[in-house]
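Which chain is which? The protein sequence lines are A and B, in order.
The opening residue of the first sequence carries number 1 in our numbering; numbering runs sequentially from there.
The opening residue of the second sequence carries number 116 in our numbering; numbering runs sequentially from there.
Everything labelled a hint here was simulated from the structure, so no lab data went into it.
C-beta atoms are modelled at their ideal positions from N, C-alpha and C, and glycine is treated no differently.
Using C-beta positions, here's what the derived DEER-type ranges look like: (1) I135/B with N102/A: 15 to 25 Å; (2) K71/A with S127/B: 38 to 48 Å; (3) N142/B with P96/A: 18 to 28 Å; (4) M169/B with K18/A: 45 to 55 Å.
Derived contacts from chain A toward chain B, CB cut-off under 7 Å, selection only: (5) P39; (6) G40; (7) L41; (8) G42; (9) L43; (10) L90; (11) L99; (12) G101; (13) N102; (14) F106; (15) G107; (16) E108; (17) G109.
With a straight-line Cα cutoff of 25 Å, these simulated DSS-like cross-link-like pairs (lysine-lysine) come out: (18) K70/A with K18/A; (19) K70/A with K53/A; (20) K71/A with K157/B; (21) K157/B with K3/A; (22) K13/A with K157/B; (23) K71/A with K53/A; (24) K71/A with K57/A; (25) K183/B with K171/B; (26) K70/A with K57/A.
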Amino acid sequence: DVKVTQSSRYLVKRTGEKVFLECVQDMDHENMFWYRQDPGLGLRLIYFSYDVKMKEKGDIPEGYSVSREKKERFSLILESASTNQTSMYLCASTAPGRLSGNTIYFGEGSWLTVV
Amino acid sequence: GESVGLHLPTLSVQEGDNSIINCAYSNSASDYFIWYKQESGKGPQFIIDIRSNMDKRQGQRVTVLLNKTVKHLSLQIAATQPGDSAVYFCAEYNAGNMLTFGGGTRLMVKP
Chain A
1 DVKVTQSSRY LVKRTGEKVF LECVQDMDHE NMFWYRQDPG LGLRLIYFSY
51 DVKMKEKGDI PEGYSVSREK KERFSLILES ASTNQTSMYL CASTAPGRLS
101 GNTIYFGEGS WLTVV
Chain B
116 GESVGLHLPT LSVQEGDNSI INCAYSNSAS DYFIWYKQES GKGPQFIIDI
166 RSNMDKRQGQ RVTVLLNKTV KHLSLQIAAT QPGDSAVYFC AEYNAGNMLT
216 FGGGTRLMVK P
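Modelling step: build the complete structure from the supplied sequences, incorporating the hints.
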């Protein structure tokens, strides 16, 4: 059974803390994505990566960075967490080539609360 | 201050009735569309997709309709069941290789 695993499901962090959200996929996918999901706003792309050590900004990269040291792992970093980063964060992965809905795999989400 | 998201539209239907969930997309160059279902505490699950060279596509109990003239997409669920209760959202894909997601609609099924 293919999987995208987000190890931290629920986190509570203080303002100013550094936060790491980890995502691991076991499908040998090149492409990995980080989204945040807020009610009524849908999924908004933060960063994505098409290969190891490669990263590209999405639509809302401010306040975030990412790391892709290994193909299977894509980490989202909040250097200094703020309350407006309280959200649900979703990781996804796909193989390269033409996108197909049933070949995008999502993790189960990481709920982050910044107090 | 803390970010507050927008209100999530809600559709409430009786068990056994048909449900229609609508989505307006923005990019006339989008050529592929996907519907997702997201249950509470879980990641999105693929339901059905449609390419822009089609107007309609049917799956098991679900039908997607695409109206390119008005950039509108709908998901029809036949004989809605309690297990269909979830947030549903559409996504559009264009040649820029990116998916853009809609805000979502919460479907509540009354027994």
